[in-house]
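Numbering-wise (full-length UniProt numbering), the sequence shown opens with residue 1 and increments by one.
Just so you know, the hints here were simulated from the structure itself, not pulled from any lab data.
As the structure is a computational prediction, the values presented were derived from the model and not from experiment.
Here a beta-carbon is modelled for each residue, glycine too, at the ideal position from N, C-alpha and C.
Nothing false has been slipped in among the hints.
Label pairs and their computed distance ranges (CB to CB):
{"#": "1", "residue 1": "68", "residue 2": "38", "range": "23 to 31 Å"}
{"#": "2", "residue 1": "33", "residue 2": "138", "range": "15 to 23 Å"}
{"#": "3", "residue 1": "3", "residue 2": "96", "range": "20 to 28 Å"}
{"#": "4", "residue 1": "124", "residue 2": "61", "range": "36 to 44 Å"}
{"#": "5", "residue 1": "69", "residue 2": "100", "range": "34 to 42 Å"}
{"#": "6", "residue 1": "60", "residue 2": "91", "range": "37 to 45 Å"}
Below, simulated BS3-like cross-link-like pairs (lysine-lysine); rule was C-alpha separation at most 27 Å, straight line:
{"#": "7", "residue 1": "77", "residue 2": "4"}
{"#": "8", "residue 1": "125", "residue 2": "44"}
{"#": "9", "residue 1": "29", "residue 2": "4"}
{"#": "10", "residue 1": "52", "residue 2": "128"}
{"#": "11", "residue 1": "25", "residue 2": "77"}
{"#": "12", "residue 1": "128", "residue 2": "22"}
{"#": "13", "residue 1": "53", "residue 2": "29"}
{"#": "14", "residue 1": "25", "residue 2": "59"}
{"#": "15", "residue 1": "136", "residue 2": "25"}
{"#": "16", "residue 1": "112", "residue 2": "4"}
{"#": "17", "residue 1": "22", "residue 2": "59"}
{"#": "18", "residue 1": "44", "residue 2": "59"}
{"#": "19", "residue 1": "34", "residue 2": "136"}
{"#": "20", "residue 1": "34", "residue 2": "77"}
{"#": "21", "residue 1": "77", "residue 2": "136"}
{"#": "22", "residue 1": "136", "residue 2": "22"}
{"#": "23", "residue 1": "53", "residue 2": "22"}
{"#": "24", "residue 1": "52", "residue 2": "125"}
{"#": "25", "residue 1": "52", "residue 2": "29"}
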Amino acid sequence: MFSKACQYGIRAVIYICGESQKGNKVGAKQISEKTGVPEPFIAKILQDLARKKIIGSTKGPTGGFFVDGSHQELTLKQLVDAIDGEELFTGCSLGLENCSEANPCPLHGEIKQIRLSIVRMLTQKSIKEFAEEVEKGETVLSRMIQT
Numbered sequence: 001m002f003s004k005a006c007q008y009g010i011r012a013v014i015y016i017c018g019e020s021q022k023g024n025k026v027g028a029k030q031i032s033e034k035t036g037v038p039e040p041f042i043a044k045i046l047q048d049l050a051r052k053k054i055i056g057s058t059k060g061p062t063g064g065f066f067v068d069g070s071h072q073e074l075t076l077k078q079l080v081d082a083i084d085g086e087e088l089f090t091g092c093s094l095g096l097e098n099c100s101e102a103n104p105c106p107l108h109g110e111i112k113q114i115r116l117s118i119v120r121m122l123t124q125k126s127i128k129e130f131a132e133e134v135e136k137g138e139t140v141l142s143r144m145i146q147t
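Kindly produce the complete structure, drawing on both the sequences and the hints.
Put into structure tokens, the structure is as follows:
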């Protein structure tokens, strides 16, 4: 459903949020190791997310990526929008240019209901809540993470 970049970005941001709650900033290498995401790919995604103010970053020996109070309440929908754009939620499933309520494609009505469910799911919890679930061991981000 999500692009590979979006999947990786979600995993990374949830991990960053968990580490930030402990007072830590983390680098791309550590994020890569803990989430099972290739380092060059995650570094590029994280730079883009920092530019878009989804996460914070600082340079230098004590630098790294972080999630602070303003970022913690973001939802996965906002994260998906930042990485994949709104196309998942607005584009025609058959790729038609003029698909709309007034001019629906054959899948329009069915997909509309599925999209509403996806949006609800992506907006029910904040990034902070997902990070807390991982910290408690209720969910995982990678098979590589040892509990």
